[in-house]
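Let the hints inform the model, and build the full structure from the sequences given.
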Amino acid sequence: MERRAFRINGFLMLLVLLALVAAAVGLGARLQEGPASGAIGLVVLAAVLVLSGFVVVNPNEARVIQFFGRYVGTVADAGFHWTVPLSKKRGLSRRVRNFETERLKVSDADGNPVEIAAVVVWRVVDTFKASFGVDDHISYVAVQSEAALRHLATSYPYESHGDGRSSLREGNVVSEELTTELGERIALAGVEVLESRITHLAYAPEIAQAMLARQQASAIVGARFKIVEGAVGMVQNALERLAELNVVELDEERKAQMVANLLVVLCGDRNVQPVVNTGTLYA
Numbered sequence: 012m013e014r015r016a017f018r019i020n021g022f023l024m025l026l027v028l029l030a031l032v033a034a035a036v037g038l039g040a041r042l043q044e045g046p047a048s049g050a051i052g053l054v055v056l057a058a059v060l061v062l063s064g065f066v067v068v069n070p071n072e073a074r075v076i077q078f079f080g081r082y083v084g085t086v087a088d089a090g091f092h093w094t095v096p097l098s099k100k101r102g103l104s105r106r107v108r109n110f111e112t113e114r115l116k117v118s119d120a121d122g123n124p125v126e127i128a129a130v131v132v133w134r135v136v137d138t139f140k141a142s143f144g145v146d147d148h149i150s151y152v153a154v155q156s157e158a159a160l161r162h163l164a165t166s167y168p169y170e171s172h173g174d175g176r177s178s179l180r181e182g183n184v185v186s187e188e189l190t191t192e193l194g195e196r197i198a199l200a201g202v203e204v205l206e207s208r209i210t211h212l213a214y215a216p217e218i219a220q221a222m223l224a225r226q227q228a229s230a231i232v233g234a235r236f237k238i239v240e241g242a243v244g245m246v247q248n249a250l251e252r253l254a255e256l257n258v259v260e261l262d263e264e265r266k267a268q269m270v271a272n273l274l275v276v277l278c279g280d281r282n283v284q285p286v287v288n289t290g291t292l293y294a
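For the sequence shown, my numbering gives the first residue as 12, with consecutive numbering after it.
Since the hints were made in silico from the structure, they are not lab data.
Under the rule of at most 25 Å between Cα atoms (straight-line distance), these lysine to any residue pairs were calculated in the SDA-like manner: (1) Lys-140 x Phe-110; (2) Lys-116 x Thr-210; (3) Lys-116 x Gly-194; (4) Lys-99 x Phe-22; (5) Lys-237 x Asn-248; (6) Lys-116 x Ala-213; (7) Lys-100 x Asn-69; (8) Lys-116 x Glu-157; (9) Lys-140 x Pro-70; (10) Lys-140 x Val-67; (11) Lys-116 x Ala-215; (12) Lys-99 x Ala-89; (13) Lys-140 x Ala-89; (14) Lys-100 x Arg-81; (15) Lys-100 x Leu-26; (16) Lys-116 x Ala-158; (17) Lys-100 x Val-67; (18) Lys-99 x Val-67; (19) Lys-116 x Glu-187; (20) Lys-100 x Phe-17; (21) Lys-100 x Phe-139; (22) Lys-116 x Gly-182; (23) Lys-100 x Tyr-82; (24) Lys-140 x Phe-78; (25) Lys-100 x Phe-22; (26) Lys-99 x Leu-199; (27) Lys-140 x Asp-88; (28) Lys-140 x Val-83; (29) Lys-100 x Val-66; (30) Lys-116 x Tyr-214; (31) Lys-116 x His-211; (32) Lys-99 x Gly-80; (33) Lys-140 x Val-95; (34) Lys-99 x Tyr-151; (35) Lys-237 x Leu-273; (36) Lys-100 x Asn-71; (37) Lys-99 x Ser-142; (38) Lys-100 x Ser-142; (39) Lys-140 x Glu-203.
Following this line, the structure appears as structure tokens:
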């Protein structure tokens with residue numbers, strides 16, 4: 012797990028370094044008066060050790076500190092610091108990043124080939140796992156994003172067709188599940204998924220025309236259903252109003268004829284031509 016590395020204010024240690032340099036210069040000046048090479052060597056060695064511990068950390072970045080292969084901690088606070096000398100300081104960005112997958116061609120839950128793509132917003136939250144849990148955390152996020160998107164596409168149909176199932180077109184449900192699954196997949200890399208969204212969703216070109224015709228047919232059937240439902244209500248209301256106001260008395264046969272005429276007028280998709288009937292139904 013990530014832990015905080017030992018660190019000291021870098022400007023304070025810079026003063027120490029300047030003092031060591033001044034001491035080395037002073038000892039060098041005294042070489043003419045007596046042997047001081049050993050002391051100069053120690054001062055120079057101390058200066059080198061101090062110099063090797065300086066590190067600069069930018070905002071929203073971190074430095075992973077390794078001392079001869081051993082992880083000793085992470086410096087995450089922005090600024091000028093001094094840490095363990097002779098250590099390796101690996102930079103790691105903690106900024107928010109986004110990754111957009113390629114357009115993947117997969118089969119949905121109904122076996123229909125679809126094209127799907129998504130964008131994933133993520134950031135590093137554990138520098139230890141990001142550095143040592145996986146080989147390359149950026150590549151790991153990309154591969155796992157595509158794998159999670161493929162699995163999601165095969166778990167849902169493109170359209171629900173009114174059977175009560177969730178579909179890929181329900182953005183909120185799908186995005187929430189994609190975020191949850193992807194978060195579980197890439198937790199090993201010390202990465203947090205902030206958001207994921209479907210950016211492209213369409214039938215594959217080889218079945219797009221057939222599915223478009225199916226969608227148009229479903230839309231026409233739905234529209235006709237609404238028209239018939241409204242026409243039946245209007246006919247019922249007309250018969251009730253005629254009976255309530257005693258405008259005319261209709262027997263069952265005349266009511267049936269009136270209902271048929273009204274439904275033809277209300278449900279037809281063309282303008283009707285009025286016909287004046289001068290006879291009777293019983294002639």
